[in-house]
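Construct the entire structure; sequences and hints are all you get.
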Amino acid sequence: MAQNDTLIKGWQPVIGLEVHVQLMTNTKLFSPAKNKFGEDANTLVDLIDMGLPGVLPVLNEGAMRQGIKFGLATSAKIAKTMIFDRKNYFYPDLPKGYQITQLHFPIVKDGVVDVNGKEVRIHQAHLEEDAGKSMHDKYDDRSVIDLNRSGVPLLEIVSEPDLRSASEAVDYLKKIHQIITYLDISDGNMSQGSMRCDANISIMRPDADEFGTRAEIKNINSFKFVEKAINFEIKRQIKILENGNKVEQETRLYDAVKDETRSMRTKEFANDYRYFPCPDLVPTNISDELIEDVRKNMDELPEEKESRFRSQYNLDEYEAKVLCAEKITAKFYEEVCEVTDPILSAKWIIGEINALLNKHDVSLAESKINSKNFAGLIMKIKDGTISGKIAKEVLEEMWQTGSDSQEIIKSKGLEQISDESELESIAQSILDNNPSQVEAFKSGKDKLFGFFVGQVMKETQGKANPGAVNAILKRLLSN
Amino acid sequence: MNFKDQREKFRSKAISAKEAVKEAMQKIKNDNLNIFINDFETQALKQADYIDNNFEKFKNTPLSGVPIAHKDIFCTNGLKTTCGSKMLENFVPPYDSTVIKNCNEAGSIMVAKTNMDEFAMGSSNETSYFGAVSNPWNSDLVPGGSSGGAAACVAADITSISTGTDTGGSIRQPAALCGVTGLKPTYGLVSRWGMIAFCSSMDQAGPFSRDAFGCAALLDAMASYDEKDSTCSKRIEKNFESLLTENFGSLKIGVIKNIDSLGINTDVMQSYETSKSVLTGLGHKLKEVDFSELSSGICSYYVIAPAECSSNLSRFDGVKYGYRASNQKDISNLYMETRSEGFGDEVKKRILIGTHVLSAGFYDAYYLQAQKVRRMIKNKFESIFKDVDLIFMPTTLDQAFEKNRKDSDPNRMYKEDLLTIPANLAGLPAISFPNGFKNSLPVGGQFVGNYFSEDLLLATTHKIQEVTDWHKMTP
Numbered sequence: 000m001a002q003n004d005t006l007i008k009g010w011q012p013v014i015g016l017e018v019h020v021q022l023m024t025n026t027k028l029f030s031p032a033k034n035k036f037g038e039d040a041n042t043l044v045d046l047i048d049m050g051l052p053g054v055l056p057v058l059n060e061g062a063m064r065q066g067i068k069f070g071l072a073t074s075a076k077i078a079k080t081m082i083f084d085r086k087n088y089f090y091p092d093l094p095k096g097y098q099i100t101q102l103h104f105p106i107v108k109d110g111v112v113d114v115n116g117k118e119v120r121i122h123q124a125h126l127e128e129d130a131g132k133s134m135h136d137k138y139d140d141r142s143v144i145d146l147n148r149s150g151v152p153l154l155e156i157v158s159e160p161d162l163r164s165a166s167e168a169v170d171y172l173k174k175i176h177q178i179i180t181y182l183d184i185s186d187g188n189m190s191q192g193s194m195r196c197d198a199n200i201s202i203m204r205p206d207a208d209e210f211g212t213r214a215e216i217k218n219i220n221s222f223k224f225v226e227k228a229i230n231f232e233i234k235r236q237i238k239i240l241e242n243g244n245k246v247e248q249e250t251r252l253y254d255a256v257k258d259e260t261r262s263m264r265t266k267e268f269a270n271d272y273r274y275f276p277c278p279d280l281v282p283t284n285i286s287d288e289l290i291e292d293v294r295k296n297m298d299e300l301p302e303e304k305e306s307r308f309r310s311q312y313n314l315d316e317y318e319a320k321v322l323c324a325e326k327i328t329a330k331f332y333e334e335v336c337e338v339t340d341p342i343l344s345a346k347w348i349i350g351e352i353n354a355l356l357n358k359h360d361v362s363l364a365e366s367k368i369n370s371k372n373f374a375g376l377i378m379k380i381k382d383g384t385i386s387g388k389i390a391k392e393v394l395e396e397m398w399q400t401g402s403d404s405q406e407i408i409k410s411k412g413l414e415q416i417s418d419e420s421e422l423e424s425i426a427q428s429i430l431d432n433n434p435s436q437v438e439a440f441k442s443g444k445d446k447l448f449g450f451f452v453g454q455v456m457k458e459t460q461g462k463a464n465p466g467a468v469n470a471i472l473k474r475l476l477s478n
Numbered sequence: 000m001n002f003k004d005q006r007e008k009f010r011s012k013a014i015s016a017k018e019a020v021k022e023a024m025q026k027i028k029n030d031n032l033n034i035f036i037n038d039f040e041t042q043a044l045k046q047a048d049y050i051d052n053n054f055e056k057f058k059n060t061p062l063s064g065v066p067i068a069h070k071d072i073f074c075t076n077g078l079k080t081t082c083g084s085k086m087l088e089n090f091v092p093p094y095d096s097t098v099i100k101n102c103n104e105a106g107s108i109m110v111a112k113t114n115m116d117e118f119a120m121g122s123s124n125e126t127s128y129f130g131a132v133s134n135p136w137n138s139d140l141v142p143g144g145s146s147g148g149a150a151a152c153v154a155a156d157i158t159s160i161s162t163g164t165d166t167g168g169s170i171r172q173p174a175a176l177c178g179v180t181g182l183k184p185t186y187g188l189v190s191r192w193g194m195i196a197f198c199s200s201m202d203q204a205g206p207f208s209r210d211a212f213g214c215a216a217l218l219d220a221m222a223s224y225d226e227k228d229s230t231c232s233k234r235i236e237k238n239f240e241s242l243l244t245e246n247f248g249s250l251k252i253g254v255i256k257n258i259d260s261l262g263i264n265t266d267v268m269q270s271y272e273t274s275k276s277v278l279t280g281l282g283h284k285l286k287e288v289d290f291s292e293l294s295s296g297i298c299s300y301y302v303i304a305p306a307e308c309s310s311n312l313s314r315f316d317g318v319k320y321g322y323r324a325s326n327q328k329d330i331s332n333l334y335m336e337t338r339s340e341g342f343g344d345e346v347k348k349r350i351l352i353g354t355h356v357l358s359a360g361f362y363d364a365y366y367l368q369a370q371k372v373r374r375m376i377k378n379k380f381e382s383i384f385k386d387v388d389l390i391f392m393p394t395t396l397d398q399a400f401e402k403n404r405k406d407s408d409p410n411r412m413y414k415e416d417l418l419t420i421p422a423n424l425a426g427l428p429a430i431s432f433p434n435g436f437k438n439s440l441p442v443g444g445q446f447v448g449n450y451f452s453e454d455l456l457l458a459t460t461h462k463i464q465e466v467t468d469w470h471k472m473t474p
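Chains A and B are the protein sequences, given in the same order.
For reference, each letter of the first sequence is one residue, going 0 to 478 in numbering that gives the first Met the number 0.
For reference, each letter of the second sequence is one residue, going 0 to 474 in numbering that gives the first Met the number 0.
Mixed in with the good hints, there may be bad ones.
Stated by the list, open to error - Only pairs whose alpha carbons sit at most 27 Å apart, straight line, appear in this in silico BS3-like list of lysine-lysine:
#1 B:45 / B:12
#2 A:132 / B:328
#3 A:35 / A:132
#4 A:79 / B:377
#5 B:371 / A:86
#6 A:33 / B:227
#7 B:319 / A:33
To be verified - Now the in silico label distances, taken between C-beta atoms and shown as ranges:
#8 A:362 / B:339: 50 to 56 Å
#9 A:263 / B:37: 44 to 50 Å
#10 B:238 / A:134: 52 to 58 Å
#11 A:284 / B:331: 38 to 44 Å
What the hints assert, rightly or not - If the Cβ cut is set under 7 Å, some of the chain A residues that face chain B in the computed set are:
#12 46
#13 50
#14 53
#15 89
#16 91
#17 95
#18 97
#19 271
#20 273
#21 280
No wet-lab data here; the hints were simulated from the structure.
This one's a predicted model, so the numbers in the text were calculated from it and none came from an experiment.
Just so it is clear, CB atoms sit at the ideal spot from N, CA and C, and this is done for glycine as well.
Here is the structure:
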């Protein structure tokens with residue numbers, strides 16, 4: 000039965016994603032050039048990446064291990080023998096005139112990931128090389144090419160058409176992102192292009208026997224755009240079908256500025272890539288020993304970490320999930336736990352840290368907060384040096400400057416005043432200065448107690464230990 | 000002069016490397032057969048000095064102080080590498096191919112690079128952008144191809160050794176037509192790194208020399224395991240020169256049943272028959288083997304080789320290096336005009352065929368079928384080698400033919416490779432050597448051996464050359 004909550008105007012969207020992930024390796028897929036982002040143009044280029052005559056590719060085993068890891072993480076079949084094929088087409092930033100990829104014998108087949116309790120099948124994941132980058136707007140009179148990206152290893156992860164809504168597609172993409180970042184397969188940075196997504200979209204009536212004709216949207220580069228592009232495309236197709244027309248099988252581009260998809264090429268003009276096995280590379284056998292070795296050295300997966308967090312740190316399901324959503328957060332949390340209270344730390348990360356990250360739209364890695372200064376802050380809360388309210392102020396300062404909590408507390412004089420005699424003399428002076436309120440309190444206006452506390456806090460700029468203030472005021476007022 | 004004497008003169012200090020280079024350079028300057036595309040006197044003299052100054056280091060290397068000419072398909076660091084094409088007329092690679100590096104280390108000195116069919120596509124050396132090469136025995140005739148310049152260079156006694164490549168017979172056929180010895184090694188014995196690709200799954204570099212001795216020494220230099228070529232074999236090192244005198248005893252040599260029905264010229268057949276009696280005279284046993292699939296190899300070859308070449312030659316697009324058509328309005332025109340102007344007709348023809356056989360809808364009918372035939376031929380060889388040690392047959396159907404003769408009939412030209420192609424399809428080693436002399440022209444015969452049996456091929460040829468003189472004849 001179709002999932003009716005995903006129907007739009009009685010139409011069932013059917014979505015499959017192809018996710019390109021740049022693998023983290025020292026060198027490129029087939030050349031000894033460094034695999035790195037953000038270097039000067041054409042500085043990470045070997046003879047092989049330039050497609051010079053007579054040069055030959057040699058497979059980087061590191062990339063193969065990354066592929067195997069992904070296969071293991073998605074309970075997939077790892078190929079006994081994988082074969083590289085050539086995909087032939089002309090493009091200025093494709094120096095050889097073909098891309099080396101895997102068509103029939105990919106490294107990974109038949110995987111599955113859990114997306115909000117639903118199994119989404121992965122058809123295959125294959126290794127291939129990235130192309131260079133053409134730049135058309137750098138000069139007025141010419142286009143230029145940067146080959147630093149040429150030959151960077153990619154894992155293309157192809158899902159089955161199991162997704163039924165744009166938001167489900169985004170959740171699937173986030174899941175893939177979580178897996179690849181957890182396993183250090185990729186940094187998954189969509190804005191830098193280390194994770195890119197193509198979406199295949201069709202719509203059908205829930206009771207139809209066959210999927211509708213699909214359109215493929217190429218190169219979507221953020222989670223937000225994936226959702227928008229898919230939703231636009233669904234609406235476009237509904238409009239076409241409801242007007243009695245047919246959806247054409249074609250490749251489309253998403254324009255984020257106009258929030259629309261545009262036709263790039265129709266099936267009629269589709270490239271014939273003339274795939275054939277690459278004769279420069281022998282079929283590569285993947286031994287059980289290699290797979291075992293990769294498995295042994297594999298990091299904990301998100302689900303494994305969540306359940307460990309629950310038992311080890313006494314967290315509830317929600318807390319564990321939030322803390323494990325990103326590997327970097329989980330790592331941060333564990334570092335903090337090594338020195339201070341796990342429950343209090345969890346509460347502060349989930350509440351205050353995440354709020355700051357969202358507010359400023361940056362990642363934990365980019366922020367000035369680190370596990371050391373954050374753990375220091377939690378310890379100050381824990382031992383009563385500062386109140387929760389003051390702690391938020393310290394955290395704000397820490398966010399801005401990256402300073403140590405101790406320094407901030409000291410330089411701003413935020414340390415909690417717990418000294419009995421000091422507090423008593425402040426309290427006494429408050430009472431002395433407000434004789435009419437003292438009178439009123441003593442004649443029964445209990446609510447005025449809060450007024451006195453507030454005055455002490457005001458006098459101490461919030462640094463007074465609230466418990467101590469309460470006790471002292473009670474004592475003084477009962478005299 | 001033959002290779003052994005040339006090397007000995009250096010080793011005995013009868014001649015310096017520099018003097019040897021000067022002699023060779025003089026002959027190159029006098030060449031009127033169009034054997035060379037570029038010569039490199041300055042670099043050669045410098046290299047010769049280096050070798051002379053380091054005599055102790057090079058006196059026992061396989062190619063001590065011997066001038067060599069390399070086929071212009073091997074990339075040479077800082078020196079033009081054209082592959083016989085306008086496309087690469089001014090291309091200067093920033094790297095040495097492994098073959099060049101190995102030969103340099105073995106003590107040879109490159110004096111020039113030899114003419115060849117464009118991108119090694121041809122059997123007459125007439126498709127070269129730099130013009131046809133003439134056969135040293137008769138300048139009206141072709142030297143064969145694609146390594147026509149390399150074979151002619153040794154036949155004309157300009158250098159005693161040269162390198163070539165053999166994808167469908169491009170070493171053996173010109174060796175036969177020029178009257179020299181040439182060996183195509185097992186696929187994977189010699190690294191393909193830096194050798195401009197035509198058909199990657201069959202391309203294999205190999206040596207030319209007057210005799211098996213020179214080929215053995217040059218192969219010792221050329222062959223090495225190379226981690227830069229994934230198809231290169233990690234075989235056990237052999238010293239082919241020292242194995243020349245190895246006694247392999249009485250061999251069982253396969254001769255193909257009904258080979259005369261393949262259209263082999265009677266003069267070539269006569270030499271073949273004579274050689275058979277030489278073999279039995281040396282104590283070998285002949286055994287007739289059935290190989291009716293032999294002639295289907297050519298169909299398979301002319302699908303697979305163009306398919307791979309269509310992809311391998313895609314990189315020549317005018318964007319990065321090589322020829323670029325001027326004043327093009329967009330990238331698509333740049334591609335079309337660059338490739339239309341930069342490639343010759345034979346190359347274009349094969350790119351078109353290759354593109355077609357790989358196209359959706361034709362792949363199964365052509366490429367896949369061709370691979371099946373290839374597999375069948377490989378299996379057939381394997382079963383034959385269960386029975387025999389070597390297979391003996393003529394190298395070519397005909398002797399050297401006239402220039403332009405077969406231009407009108409491409410099928411006839413393609414048929415030139417009928418007897419050489421099967422070894423390439425199966426990746427087997429094969430050696431062609433002069434085995435007769437008819438119509439004032441040499442005739443060639445070839446042995447095909449099992450994988451990595453180069454030692455056996457060379458030693459067997461060497462024994463024949465100890466009792467015959469065909470390899471000593473000069474134009």
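- Looking back at the numbered hints, which does the structure fail to meet, lowest number first? none
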